[in-house]
Amino acid sequence: MQETQRAFMEVEKQLSTAREVMDLFVLEDTQLQMFALETRAKLEAIQDEVRGEMKDAMLEVDQMRQEALANATAWKKTLLELREATQKNEQILQNIREKKKREEEKEIQLQKLKAERALELLQELEKQRTLKEELERRAEEEMKRLEEIEKQRELEKQQIVKQRELEKLYEQEKQRQLEQLQAQEKELLLEREKIKEFKNQELEQLGNELEKEARGTDLTKNNDGLEVVAQPSDAKEGISIVKRVLDC
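Numbering (the UniProt record's numbering), first residue to last: 1 to 248.
Hints were generated in silico from the structure; no laboratory data involved.
Note that the structure is a prediction, hence the values are computed from the model and not measured.
Check before you lean on any hint, since a few could be wrong.
Here are the computed lysine to aspartate or glutamate pairs in the DMTMM-like style, where the Cα-Cα straight-line distance is at most 20 angstroms [as the list claims (entries may be wrong)]:
1) K42 <-> E98
2) K42 <-> E60
3) K144 <-> E154
4) K100 <-> E49
5) K168 <-> E179
6) K88 <-> E116
7) K42 <-> E81
8) K168 <-> E185
9) K55 <-> E44
10) K55 <-> E38
11) K77 <-> E49
12) K42 <-> E105
13) K144 <-> E133
14) K88 <-> E53
15) K157 <-> E147
16) K88 <-> E38
17) K199 <-> E187
18) K196 <-> E179
19) K151 <-> E167
20) K99 <-> E38
21) K174 <-> E185
The whole structure should be built from the sequences, with the hints applied where relevant.
This is the structure:
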């Protein structure tokens, strides 16, 4: 994107340069027109001067002719002067024609140079226009590519959001199951405690009964009427078992 902007700036800079060149051409054209007007004015002044000189020369010729009628010698002299004046006038006219021709050639050359410069400028402007169109096309393609990337990023964001929502739901379900398992485990522990307490009560009751039974059979009399210690019976073994169970 920065390269495209730099290219646009370069094109704008070149267009500005082209405008400055065009302004110079316009200024030069104005100067050429002023020069042409000045040249025409000078040429008209020269023509007026020539006309005046020719008029004076014609008057002089007429005067010489009149004098020639009076004097043949003077006429010959006048004829010579007339020829010289005619040659002079012809030379002046030739100089004027040559000067005018040079001015026309110079103006044609300037017009040709102006046309060549205008053609070069048009060619440069055409190149700039083509370059600008190419840059605009590339910029449009770049914008489309960026839009596609933005769409892809948006889809990825949506997928990430959905994934996070699924993960959140999974964690919630996992937490719910964990809490459920903990509740079940707690209930199981309570049930085990109840069973254990119930068994302890039963075993304690059984132990008490066995102990009472054992006490009733500990002392016995022999055939002579003397009390003797009886041998361990099943009741004592039962008491021992009950105590071991209670200890556990």
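When the hints from earlier in the document are held up against this structure, which numbers fail? 2, 6, 7, 8, 10, 11, 16, 18 and 19
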